[in-house]
Amino acid sequence: MPYFKIPKEKEVPLACITPAPVGEQPMMITGNWRIYRPVIDHEKCTLCMNCVMFCPDACWQLNEEEDEVVWNAKYCKGCSICVRECASGALTNEYELNFADGVVRLEKPF
Amino acid sequence: MAKELIMSGCASAAQAAKYAKVEVICSYPIRPYTAIMMELAKMVANGELDAEFIHGEGEHAQLSVVAGASAAGARALTGSSGVGVTYAFETYSPIAGGRLPLQMMIADRALDPPGDFGSEHTDAMSARDQGWIMGWAENPQEAFDNSLIYYRVGEDHRVLLPQMACQDGYFVSHIPGKVVLPDQSQVDEFLPPYKLPHPLDPKHPVSHGPQIRPDQGTIMDLQRAEAMLAAPAVIKEAIADFNKIFGRNYSPFLEEFMTDGAEMVFFLQGAHSMTCRHAVRHLRSQGVKVGMVRLRFLRPWPTDDVASVLSKFKAVGVIETNTSYGGATRGGSLLHEVRASLYDCPQRPLTTSFMAGLGGEMVPLREFYYMAEVMSKMMKEGKTKKNVYWVNHEFDEA
Amino acid sequence: MASVKQITIWARGVIQDKEGRDIANGIAAAADYEGKFTQAFDNYVDLPDRVNVPLRKYARISDEEIEERYEYENANPEIVILTDATIVKGMNVLRGMPKGGTLVVNTDRTPDDILKFVPNKELLKQVVCVDATAICGGHTVDFSGSEGGIDSVGIGAGVAAPILGALVKGTEVVKLESLSKVVQNSEAMLKGYDQAQVKTL
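Chains as they are written, first to last, in our numbering: chain A, 1071 to 1180; chain B, 24 to 421; chain C, 21 to 221.
Hints in this document: simulated from the structure, not taken from any laboratory. A virtual CB, placed ideally from N, CA and C, is assigned to each residue, including glycine.
Some chain B residues near chain A, calculated using beta-carbon distances under 7 Å:
1. Pro136
2. Pro137
3. His416
Chain A extracted, bound-state conformation:
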């Protein structure tokens, strides 16, 4: 028999020990941090993997079947390190409002 009434939306796990994120962190979506996004020209891409290595948020991943690198719109913060490090000039920065996709639209920042 619990001593106190705790509303469902205010529940906190015991000692605030929460399951650790695996793969991605669904409680901290950072795609809405970006003002510019990197756009790739697959013709120019030489698959040097610089973008995959340098991205601080692991937002470029190699798709081995299609043999191309894939961009993660949900978490990319638009830091443009990949654009800077691209060895073949395949990546360029484009203003985020030019694209209808990539909408994150969170209710609360986190």
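Guided by the hints, dock chains B and C onto chain A, whose structure is given.
Same frame as chain A, but now just chains B and C:
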């Protein structure tokens, strides 16, 4: 010329340090008090304040640095929040027992786990037994005033105790309010320069803190007890002077609001009194005979004032923004002291406590109305049903 | 208790933190000159900010003393101001807005372009767009006044001034004369007022 500005509690506390002409400041960042050090760093950098500004490597280091500075004869200032206050815990007794009247500006923060920025009084209150003068400001103006008053009281040779000038994190420290800044001449008149009786000085060598035997231990403790017994008179003098010089109207220990003809009162300290006054006004206009009593000094606890003021009423609801796990009432710490103060009174009110505002939660008007309802029922039935109500988390609604 | 008019400003962390705060402080100070009761503060949990994170600043205006002063958020903002247009894609900026609100955006696009990204536009009465970046050429990145400190730089070189001008063109929350007492860069503010496009829905 007095200037009226709008600034947060952190900024006004930093201004108080400037007017008090502190000489040594030791900083270490922790939110929410960190803005005080940010403002002081700006003032020292552009020459507005002539002080030594030292970066400590932790809160324990902060207190150790200012203890040394104070012992050498400098007016010293530091501060902290939340777990920073508890990190420095080892130093509180040596500083108080060593009679070094330095000041700590504390902007409250809930203690870990897990890392909540919100305000809760437990951090500073956990050190309430060490012999520091302690009290809570309810708005940025009082944060400014308290700092000056505490220096004056603490440095008085009849007291010589360190002080914790506390304010609620975010509610007082970050939300701006109106502050009237005085003239430097008014502050100079109120606060004399710092003069420690036996400072560390190579020309007149002294030793601070040598080893003693157990039979001398009680005597050491008695010295601090004496200081706390002498403090209330010094506080009354200082407040009377303050009111005269700065044109304010503080009562030394307890502030009463709409208590004429009140049958029950809210008893609290800190920021939520600002909302409480509005709740009292609304309840009064609906015919509920309620008032508010605000505690201005936690240490020294004003036992006689609490007894004489609270015994006028039929019911007292102590609002606790702090926790005392496993304590006698299984709630917070203020109710213990209120009941102890009232024990010998021939006419005692019914008392209970309400845990509200914990973790930095806002206390909205409707929670005050709920508390008033609980107290009304208590008065009607003539007895206290429960010692503590965790507001919003009780199963039965009174 | 009189109603409290709530204004929420969304800005980008670090690079626009000062601009967002300037807008909130500017609105509150101007309303103060007009004899209103005001509050202006940062959202506490959005800080400490990281570069580009969306964060909020708040201004609250009332004809009587504001009784519940310790709110953490503005639950029902009548006016929402964005210092960076891309935030429409990232947050539900009209959350909690009562019907008939205003959205003010710093952008070089037209109001229709912005509305494409706002699915709950039925809450809006009007949209105001102004290219504040073109008028001012950048942001003031300065930590002066952050975290409860006192601002010593003023509402000057950055996008806050034109956005305040645009706000007054679309709404009557404060008067232009009161704002000019508070804003250092009046020229930019008046340019913002002139160049703002107001679209009524």
